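In the order they appear, the protein sequences are chains E and B. Per this note's numbering, the very first residue in the first sequence carries number 1; after that it's consecutive. Per this note's numbering, the very first residue in the second sequence carries number 1; after that it's consecutive.
Keep in mind the hints are simulated off the structure, nothing from the lab. These figures come from a predicted structure and were not determined experimentally. Any given hint could turn out to be false.
A pair counts as met if it fits within one copy or between any two copies, since identical chains are not told apart.
To be verified - Here are the simulated lysine-lysine pairs, DSSO-like style, with alpha carbons at most 27 Å apart: (1) 594 x 389; (2) 663 x 684; (3) 767 x 619; (4) 211 x 478; (5) 684 x 211; (6) 557 x 389; (7) 557 x 684; (8) 791 x 762; (9) 316 x 303; (10) 791 x 779; (11) 594 x 571.
Protein chains: 2
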Amino acid sequence: MNTIMIWVPVIMALIGLSFMFLKRAWVLKQDAGDGKMASISDYIYEGALAFLKAEYRLLAVFVLFASIVLAGITFLPGVKTHLLIVVAFVIGAFFSALAGNMGMKIATKTNVRTTQAARSSLSQALKVSFGGGTVMGLGVAGLAVLGLTSFFIFFYHFFMGGTWTSIEDMTVVLETLAGFSLGAESIALFARVGGGIYTKAADVGADLVGKVEAGIPEDDPRNPATIADNVGDNVGDVAGMGADLFGSYVATVLAAMVLGNYVIKDMGGNIQDAFGGIGPILLPMSIAGFGILFSIIGTLLVKITDDNAKEAQVQKALNKGNWVAIILTAISCFFLVQYMLPQSMRMEFFGEGSQEISSMRVFYATIIGLIVGGVISSVTEYYTGLGTKPVMAIVQKSSTGAGTNVIAGLATGMVSTFPTVLLFAIAIWSSYALAGFYGVALAASAMMATTAMQLAIDAFGPISDNAGGIAEMSELPKEVRTRTDILDSVGNTTAATGKGFAIASAALTSLALFAAYVTFTGIDGINIFKAPVLAMLFVGGMIPVVFSALAMNSVGKAAMDMVYEVRRQFKEIPGIMEGTAKPEYAKCVAISTKAALREMMLPGVLTIGFPITIVLLGKLVYGDNNQLIAEMLGGYMAGVTVSGVLWAVFQNNAGGAWDNAKKSFEAGVMINGEMTYKGSDAHKAAVTGDTVGDPFKDTSGPSMNILIKLSCLIGLVIAPILGNGSHTMLDKHSNMMEMESCHHGGQMMGHCDMTKCATMTKEECAKMCDSLHCTPEEKEACLSCYDANGKFVPPTSGKKSCCAHKK
Amino acid sequence: MNTIMIWVPVIMALIGLSFMFLKRAWVLKQDAGDGKMASISDYIYEGALAFLKAEYRLLAVFVLFASIVLAGITFLPGVKTHLLIVVAFVIGAFFSALAGNMGMKIATKTNVRTTQAARSSLSQALKVSFGGGTVMGLGVAGLAVLGLTSFFIFFYHFFMGGTWTSIEDMTVVLETLAGFSLGAESIALFARVGGGIYTKAADVGADLVGKVEAGIPEDDPRNPATIADNVGDNVGDVAGMGADLFGSYVATVLAAMVLGNYVIKDMGGNIQDAFGGIGPILLPMSIAGFGILFSIIGTLLVKITDDNAKEAQVQKALNKGNWVAIILTAISCFFLVQYMLPQSMRMEFFGEGSQEISSMRVFYATIIGLIVGGVISSVTEYYTGLGTKPVMAIVQKSSTGAGTNVIAGLATGMVSTFPTVLLFAIAIWSSYALAGFYGVALAASAMMATTAMQLAIDAFGPISDNAGGIAEMSELPKEVRTRTDILDSVGNTTAATGKGFAIASAALTSLALFAAYVTFTGIDGINIFKAPVLAMLFVGGMIPVVFSALAMNSVGKAAMDMVYEVRRQFKEIPGIMEGTAKPEYAKCVAISTKAALREMMLPGVLTIGFPITIVLLGKLVYGDNNQLIAEMLGGYMAGVTVSGVLWAVFQNNAGGAWDNAKKSFEAGVMINGEMTYKGSDAHKAAVTGDTVGDPFKDTSGPSMNILIKLSCLIGLVIAPILGNGSHTMLDKHSNMMEMESCHHGGQMMGHCDMTKCATMTKEECAKMCDSLHCTPEEKEACLSCYDANGKFVPPTSGKKSCCAHKK
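Given these sequences and hints, build the entire structure.
Here it is in structure tokens:
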């Protein structure tokens, strides 16, 4: 027995965290610059910390409250979920917060060091800023893998004594583990939504009064909201994104584990492999573990030597590191799948019967996941990148005014759902065709394996953005700003593609969670031909739309708060505009903080409250018909996922396209044969489009990721309440479910049920078994029902085996 | 036998059409004014006719092509659809076109007569304009009911000899009848999309060059595009809306008939009522027929006496007529349900077993439909009406620029999906809970019963709008324009609520079609836990988004064509601006026509092509597994419906809200304590929002109705190809499906399948039958399997009846 494999992910996580600490020490050792730079950086650091502190206070209350509810659920009659789920939940929440906190701390420490490094060279500036990103990435990935696998090992020993006992016991292990994921995702919701509102409120507020009313440039230290604006970059893009991917990472691996358990069930409930019989469950954790290792290798490759490098070279360096990490992950998937899975596996394909598949098909599924991760970035790049056809079309439409610019941007975002959704649909279908929902979950796991690398690339953007801001505010020489601008510009591209990656991962994760939900509840599917289920599909579809609207409105309200405060300071503090008096930065930070926290409540309540309401309503109307209630909740989850993915892609890409359409004017664009620049009417129209796009791409769009994952996770945690719905219902009425060996996976389809043979000859029965892909055992059970004369003798009543009379 | 009832709807339709002709004669007899007015009116009339002619030429090609495909389908092996479906299809298309044509002709004749009437009094103007609307409404409703019921009677005699034979024969009748609905809806697609593009291209084009560049007012005869603009109102709002509701009306009644046949099936396949055994099928037709009668009564009540009346009185008069029609319909539903349905009915509720319900529950379902129709109007009114909270919020946001105005409008549209979708969800769930999907379909039928009245109210808006335009162009005294403005203003409100009604009817119709689809294919549900089905749910969800984007882009392109033409005329024809030379109106009309026809192709291809592609793809991958392919198509339909409803509500309401936010400035609004008027910066921002909203509310938004209905209808017509999927598949393998009497509604759930009793004692079997709500026949069939000693004797192989050995 090679049960040592269970420890491998933990070891990898610890290696990742060790490397992270080394890198962190190196970054912090770098020169933090002179007095003015340091003081500005300190303002940002303190502002960010102030926000986190206020947020955590609020979240602590939420976690406490949610824990009580969760604990209450475990005491409900018939629910097998263990009270330990509360511990997992709290620690999951804590880990997620810790990862965000660590990332933000390092980001706000790295920014000023990047500015300082940019004084000497671009390559050094990249090294420092990407170093900070690496710390963030490895911190998130390391904590995710460490937390999840440690809890798994603990629960595996606690509930099963560290050895395979049964599918049911493993289900309890994984149900309890779901608490960890739920905790992480709950924090992510608030971090993403709160962070998104914060960053845009500060940005819009600072711009409206500073740029427009007072006529001072961006990042001008005279603007009281400028620090809040820079804090916002960290709060939204660093902490928000970190918590988002932390949640995706954990949820994906968890879902794959649940489906791994289901694979074992399909294969008879006991596979006796070299890994204590849990190979399919260990595999996703192992892929995640090795992914950390390869991410470290990838980050080491990100460097440039030419100090006159431009955006292209920097982008190339990032791409190199990224692709090496991805390719190494692909190779490791090949060996891990070969090593850890039985060569041949039996899987249930709904509507097509059970099939014997080679484990290599699981490997192919992981390749699909990696490809989707890559292709989605290209698609995002195509619709949002500088100089692409769609973005240039928006630029052209700016010449006829803001209205046509806005229409073009909306249409671009909407059209971009076409290739994206087709890509997802193909990915779902093909990875499922290869290896069932286990294949879908492993595709997602492979994609997420290089999360550390993805996050490093993502986080380096806002760090560079901040570095540029500090250079501006500290009035450093122009070449410093030029260097940070190169990094910032690359960072904008990686921000857009990173959003593509995040939604792709969220989509696949949600599907995996959705599949895990169905297996947890033990229902035989989600039939949208049942009207209550269909109604919930509608309701689910509506939630992301309303959620987005709430987030957008929140940005507007919070921005107005900021506007009033900045106006007040300009009026009440004499000398600000002359630079003789200091603005009260902290007050603006406090305003943004307060507004963000206030405004994130309603969307949060909506997300968490709706699934619970549906279950309560279902219980009220249908009482014990858990099958139907579970399907209703499943319909809701599907609605949220489908609609959420659409609105995420729509909003992210429209926002990105508007942003770059506006940026195009900086270098000048040709419109109707005339070069048009900043300050033209067309440019003003483009600025309007960008204003609309800002909350799209930084607040409501990215929030969709969390919304869909969290909705599915809540379903998963509620699942045990609705557990084995169909069985319970039928058990009451008859003992027909006792013919266990004839029933496959608890399905009601009855394909391999030998009572069907009652009207057939033995030969016909055998033919039916073959054509329905019954297992050899099932076929044997069916054929044993015929006596010597080929006559069908019905199984005796009340016996476990349907053909007990022959024994 | 009271089979005369089959002729009642035909008689009602003929009464409606007769009244229509009387009204038409009266309208045409009215004074059409003097030379200038008449000539302008003629321009509009000819422009509208030119568009229709060009459109019909194109549609004739389409109908020919589609007929060949449809005919090809009927020759496919295993497809039972009769070639007569092609005839039904062609006539359906013809009737829809005829209805649109008639409506548009009368509308373009009524406009100038309304202007003339407005010279004498407001009450007379209302009488004339509403008279034109009535002609339109009754024409559409009369043709719809006449066409559908005539074909039904014909097919009923052709396939069944005019007497009940079997469920299967009636299914053939209804499958063939679906051709009529498909024809109508196909034309509606092009009419709605083409009309929507036409109207906005002309509107935006006329405004951009006329108002903005040349600085001349709206409806100025010097603007070459002004006639095209007025033609657009008729093409989009009259012909488009007419074809849309014609399609909904037919599709709703058809779906209810299909589900009525299913009710008969659930009740044992032969109900022997006083209506030749087809009461449940006749009921929806009868409700539609009586609806025409009550609509006539309603239209007679719409009048005002006070000539100094304002908007409120006019609105009140319309509401009075509308509510009387609705209440009379509700009362007739009570008597019709009591008269035509068996007192007690047995229905299958998926996941809950079969239930015995009182027919009064069907009546309650119709009441739900009528309530939804009313409430949806109030909800739409709340989000889009002048002076409501959401609209005033958009007005306030205009003060900080176009960007914040656009965000507020988008958010308002998005938030408005919340009550709307909840309302739909409650309607679906409750009408289903009352009387299954038959209840859902009858709720839709009841709602649609007053279509004639709804359309009269709808069509009166653009007629008044045109009347105002003619008054302006003919330079009539100011009081004339004031009177038409009052009517126009009321028309704007009814246009918004009419859109709410249209999407509500489309949503319920689609659900009914969806249910009909499932019964036609004979599948046991649509299980989104199957990955290919889930993938198609995603793809379906994406279609409305991409469709909307295409429509929006089309408006942009077509508007630019118009801009270039108007600019050319201003440049090349001297004296236009001085009023000494006439612009070439016809050229602008031709430009709009050409652009609209060109741009409607791609969305059309998308709508029709995708479902067909899915079936072909499914066949390629899954071969004969028709059950799975049918579920994939079903998943697609559900995705289109859910997403389409959301995007329709979002776009319609956002567009309506922006429109009225802009209009608020005409009377002046209080912003930050200051009265703000037209021409202010805030007003300009509001104009930008309205520009974005125009294609939303007049092109892409209303197109969603057709998109979702047509997608579901195509599925319904394809259904026979995938027909009885599960049966076909299983028939090959075994003869177990021969136990017909034991199978319930062709389901595979097998609840009442007596082979389940093989493992039970007789007593246990009886208990199971009771708890699963088996019918008495089913229970008897099950119990007959036990011999005198209570031993279960399996049914003999190959026999029709499962317990043939006993007979």
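Here is what the structure says about each hint:
When the C-alpha separation of residue 594 and residue 389 is checked against a cutoff of 27 Å, the pair qualifies only between copies, where the shortest distance is 26 Å, while the shortest distance within a copy is 41 Å. In the homo-oligomer, the alpha carbons of residue 663 and residue 684 lie at most 27 Å apart both inside one protomer (11 Å) and across protomers (24 Å), since each shortest distance falls under that limit. In this homomeric assembly, residue 767 and residue 619 come within 27 Å of each other (Cα to Cα) only across copies, at 24 Å, whereas the closest approach inside a single copy is 42 Å. In this assembly of identical chains, the alpha carbons of residue 211 and residue 478 lie at most 27 Å apart only when taken from the same copy (21 Å versus 46 Å across copies).
In this homomeric assembly, residue 684 and residue 211 come within 27 Å of each other (Cα to Cα) both inside a single copy, at 13 Å, and across copies, at 21 Å. Taking the shortest Cα distances, residue 557 and residue 389 sit within 27 Å of each other only across copies (16 Å), while inside one copy they are farther apart (35 Å). Taking the shortest alpha-carbon separations for residue 557 and residue 684, both the intra-copy value of 23 Å and the inter-copy value of 22 Å come in at or below 27 Å. Proximity of residue 791 and residue 762 under a CA criterion of 27 Å is satisfied in both settings, with 8 Å inside one chain copy and 21 Å between copies.
In this assembly of identical chains, the alpha carbons of residue 316 and residue 303 lie at most 27 Å apart only when taken from the same copy (9 Å versus 74 Å across copies). Taking the shortest alpha-carbon separations for residue 791 and residue 779, both the intra-copy value of 16 Å and the inter-copy value of 25 Å come in at or below 27 Å. Proximity of residue 594 to residue 571 under the C-alpha cut-off of 27 Å is restricted to the intra-copy arrangement: shortest distance 22 Å within a copy versus 58 Å between copies.
In this structure, none of the earlier numbered hints is contradicted; all agree with it.
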